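J.: Sequence:
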Amino acid sequence: MTRLLVVGGGAAGMSAASRAKRRQPNLDVTVVEAGGAISYSACGMPYWLGGIVPGDRDTLIVVSAQEAREDRGLDVRLDTRVESIDHDARIAVLGHDGGTSELDYDRLVLATGAAAQMPFNADGVEGVFSLRHLDDGVRAKAYVDAHKPASALVVGGGFIGLEMAEAFVQRGIKTTLIHSRDALMNGVLDEDLGAQLKEAVEAAGVRLVTGARAQAVSGSDGRVVVQAGGESFEAGVAVVGVGAAPRNELARSLGCPVGPAGALMVDASLATGVPDVWACGDAVAVTHKVTGKAMFLPLALHANRMGRIAGANATAGSEGFPGVLGTTITRFFATEVAVTGLTQEAAAQAGFDAVVATIKSGSKAKYFPESQKLQARIVAEAGSGRVLGAQIIGGHGTAKRIDTMAAALWMGATCADVENFDLAYAPPFSPVWDPWAIAARLAGRKI
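Just so you know, the sequence shown maps onto residues 0 to 446 in numbering that gives the first Met the number 0.
Calculated from the structure, these hints are not laboratory results.
Treat the numbers as computed from the prediction; the structure is a model and nothing was measured.
Be aware that one or more of the hints could be misleading.
Said to hold, decoys possible - Below, simulated DSS-like cross-link-like pairs (lysine-lysine); rule was C-alpha separation at most 30 Å, straight line:
(1) LYS365 with LYS445
(2) LYS140 with LYS173
(3) LYS173 with LYS372
(4) LYS20 with LYS197
(5) LYS197 with LYS363
(6) LYS445 with LYS359
(7) LYS359 with LYS399
(8) LYS197 with LYS399
(9) LYS197 with LYS359
(10) LYS292 with LYS140
(11) LYS372 with LYS359
(12) LYS197 with LYS173
(13) LYS363 with LYS445
(14) LYS363 with LYS399
(15) LYS292 with LYS365
(16) LYS372 with LYS399
(17) LYS399 with LYS140
(18) LYS173 with LYS288
(19) LYS288 with LYS445
(20) LYS445 with LYS399
(21) LYS399 with LYS365
Build out the structure end to end from the sequences listed, making use of the hints.
T.: Set out below in structure tokens:
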């Protein structure tokens, strides 16, 4: 019987294992996961920790290990780490509570994910947490529930930082957010739109400390002190969300090539170049559809999609990963933010001669009482008019409009195309001219 070993039981690993088993029911599939759970929603952890999502840790688990074993026929091994691999002999050495053991395999899928980056050494400092894996979230929530801190520090002004700031405020905890740059979500939002986000964060009572890089942490007895920008900030708990780094140690030991930020380089089939080894998920570099360049961009949908493709190709399939746009969305209470493709700054860095059109609009007909204010921005290529990116910020229910522009970018649409899209209209849902149509018209005039 052919044996497939999948290293990592997160979104990518479980998608790969499940797809492979469906395609070849007689395949012997083993999933080795270093943590205590598989197939969980890491994106839901801030909302669970903040009490917005009720329930215990199992609330965030999509498929339990028992379900994967009984319903999908997968051999799932939790709390087990792949210590080393002899790929010539097709033997993996596994580390677990009982010591070590060996596992034979024929084909290998690496879905080792990414680790949270830390701007300082927090070893031995109680009350400091990252929020990358479910076990991290469980420990952080247990600490907050037990100690009931009156104050919290959030280090990082990206997605995790904003979502954790919201979670702490939701729990009535006085919160300070420390960010190394002046603009929140830098690199994701253009700075002028990010300024609106700063206003929303401060309006919620969060103390913002920007342009201050966290350098050290200390503390004990329910007291955490972070040194940043020449100042000391003290609170009862701290959560760090400053980015992630690909876990590539196993892959490198096999001779798999690495690229941007140390992410694994694969071809369109997700093959690593090492025979019978595929890689998928947050450890893998992806190709941006607009720039054509490889980049490290760990996002949930990318991981799930790559896992399905890797599982197919590990079972004699011939599928290709189509690339990414980096479409992302989040909120801070009533303020929603979403982006796709390139920002104005990123377009310039990529060498595009770009025009930018930004408009103010409402989410519904202006006379409709529930209409929310929003700003929509289109970045387009001068000359061709091709849409390169889009951003939107506004009130409740506005940000999912980004999907229209994500589809436009995916299909290579121009501003003229977007202006002529046959989009739905009724007063409770949209102005008669959709905000994207207005922005596209303005961009077209500039072009």
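J.: None of the hints should be skipped; say for each whether it holds.
T.: Against the structure, the hints:
1. With a C-alpha separation of about 26 Å, the suggested pair LYS365 and LYS445 falls inside the 30 Å cut-off, and the hint holds.
2. Distance check on the hinted pair: LYS140 and LYS173 sit about 16 Å apart at the alpha-carbon level, within 30 Å; holds.
3. Taking the CA atoms of LYS173 and LYS372, the gap is about 28 Å. The hint holds against a cut of 30 Å.
4. Restraint check for LYS20 and LYS197: the C-alpha separation of about 47 Å exceeds 30 Å, so the hint is violated.
5. Pair hint LYS197 plus LYS363 holds up; C-alpha atoms about 25 Å apart against a cutoff of 30 Å.
6. Taken as a hint, the LYS445 and LYS359 pair is honoured in the structure, with Cα atoms around 17 Å apart against an allowance of 30 Å.
7. Between the alpha carbons of LYS359 and LYS399 the distance comes to roughly 16 Å, so the proposed pair stays at or under 30 Å and holds.
8. For the hint pairing LYS197 with LYS399, the CA-to-CA distance comes to about 21 Å; that is within 30 Å, so the pair holds.
9. Using a Cα cut-off of 30 Å, the hinted pair LYS197 and LYS359 holds, with the two alpha carbons roughly 18 Å apart.
10. For the hint linking LYS292 to LYS140, the alpha-carbon distance of about 38 Å lies beyond 30 Å, and the restraint is violated.
11. Annotation: proposed proximity of LYS372 to LYS359 holds, straight-line Cα distance about 7 Å (limit 30 Å).
12. Proposed proximity of LYS197 and LYS173 is supported: the alpha carbons are some 17 Å apart, at most 30 Å.
13. The hinted pair formed by LYS363 and LYS445 meets the criterion: a straight-line CA distance of about 26 Å does not exceed 30 Å.
14. Between LYS363 and LYS399 the CA atoms are separated by roughly 14 Å; this keeps the pair inside 30 Å, and the hint holds.
15. Only pairs whose Cα atoms come within 30 Å are accepted, and LYS292 paired with LYS365 is rejected, the gap being roughly 41 Å.
16. Of the pairs offered as hints, the one joining LYS372 and LYS399 holds, with about 14 Å between alpha carbons and a cut-off of 30 Å not exceeded.
17. Of the pairs offered as hints, the one joining LYS399 and LYS140 holds, with about 29 Å between alpha carbons and a cut-off of 30 Å not exceeded.
18. Taking the CA atoms of LYS173 and LYS288, the gap is about 41 Å. The hint is violated against a cut of 30 Å.
19. With a C-alpha separation of about 24 Å, the suggested pairing of LYS288 with LYS445 holds against the 30 Å cut-off.
20. Of the supplied pair hints, the one linking LYS445 and LYS399 holds, its CA atoms being roughly 26 Å apart against a limit of 30 Å.
21. Only pairs whose Cα atoms come within 30 Å are accepted, and LYS399 paired with LYS365 is accepted, the gap being roughly 19 Å.
Checked against the numbered hints above, the structure breaks hints 4, 10, 15, 18 and satisfies the rest.
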